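2 protein chains.
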Amino acid sequence: MKKVLVPLAKGFEEIEAVSIIDVLRRAGADVVVASVDGSECVCSSHNVRVLTDCALSAVDSSSFDMIALPGGSEGATTLATDALPQKLIKEFHAKGKFVAAICAAPIALHAAGILQNVPYTCYPGCNAQIGGLYTEDKNVVVSDKIITSRGPATALAFALTLVEVLFGTPKAKELAAGMLKTCC
Amino acid sequence: MKKVLVPLAKGFEEIEAVSIIDVLRRAGADVVVASVDGSECVCSSHNVRVLTDCALSAVDSSSFDMIALPGGSEGATTLATDALPQKLIKEFHAKGKFVAAICAAPIALHAAGILQNVPYTCYPGCNAQIGGLYTEDKNVVVSDKIITSRGPATALAFALTLVEVLFGTPKAKELAAGMLKTCC
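As given, the protein sequences belong to chains A and B, one line each in that order. The opening position of the first sequence corresponds to residue 1 in the numbering used here, with each subsequent residue numbered one higher. The opening position of the second sequence corresponds to residue 1 in the numbering used here, with each subsequent residue numbered one higher.
Just to be clear, a hint being listed does not mean it is correct.
Same chains, same label: a pair holds when it works inside one copy or across any pair of copies.
Here are the simulated lysine-lysine pairs, DSS-like style, with alpha carbons at most 30 Å apart [to be verified]:
| hint | residue 1 | residue 2 |
| --- | --- | --- |
| 1 | 173 | 145 |
| 2 | 171 | 181 |
| 3 | 173 | 138 |
| 4 | 173 | 10 |
| 5 | 145 | 181 |
Derived by calculation from the structure, the hints in this document are not laboratory data. Predicted, not measured: the structure shown is a model, and the values here were computed from it.
My request is simple: use the sequences and hints to build the entire structure.
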């Protein structure tokens, strides 16, 4: 069983978060949605209120294979500045686990110091804060165990890439077909 | 102010629902998320628990411009068989308001009797239940006030089309650019 941690902070981008959760659960992953501030309900950037599975502080991080961060300016800023998600990003990276971030959330990887000399992408403009090896011509960038993507319209491709690295290409292709990704 | 009603029934497809809500709110619509069974929290097809704004039975339907239905097999079946969403679909259509459905949800429009002689699309296979003027080569079909689409991967295009019919093409193009739709 592959286990994926999705931290939600107030102001997360809901298409991005839900694409990650939905697609990884379709693949069979155990996806744990955890609130950064410990509240049961977290409100997205456009006021969709999602109930979380637990508080991030209550998570046993050792049992996970991946941490995947949705964007949204406010949510990503919290992921970049709050001590707990920063500690977890560093820990997952140090243990050779997958670390994934989309849209504004790569700023949280940068804040954790793990994007140095790593090709990445992000929401256009956020790269100004990050510098380094910004890649603007790809929707999803896989750099060893660090996976980044650009924004709401690339969220499905991003989530399918997370499936690919955890479950293999045939599973990702099967899900893409079922979600009609081939037709877009 | 444009007002859009999004009924959620247990087992709704979460990428589709959230794309509708997120994109229409970005456009400035007043989007009301209403639970078909009256519960405050509705669970999606992949166990994302979303808090609704109100019960569908408490909605004053006269104030809305559009009803937009997410898919998901279980949720769409409820929309097709429960008396209240069926009454609302018929009422919106009879009053010349927009009626929109994606994925499996066009079966609810069919059940309400409003898809006769209307070109539509839906999740591949659901057309077997509906018959009529199924269009398989388009991701979004606009037939006067009835707008239909195919599945999770077409949800963003569907939501942007809802913005287009309510707010005009420039607003839809502006949002598409901001969500990086042009890059996919």
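Structure-based check of all given hints:
Proximity of residue 173 to residue 145 under the C-alpha cut-off of 30 Å is restricted to the intra-copy arrangement: shortest distance 20 Å within a copy versus 35 Å between copies. For a Cα distance limit of 30 Å, the shortest separation of residue 171 from residue 181 qualifies both inside one copy, at 13 Å, and across copies, at 25 Å. Taking CA atoms no more than 30 Å apart as the test, residue 173 paired with residue 138 passes in both settings, with 19 Å inside one copy and 21 Å between copies. Taking the shortest Cα distances, residue 173 and residue 10 sit within 30 Å of each other only across copies (27 Å), while inside one copy they are farther apart (32 Å).
With identical chains, the CA atoms of residue 145 and residue 181 are at most 30 Å apart both within one copy (24 Å) and between copies (26 Å).
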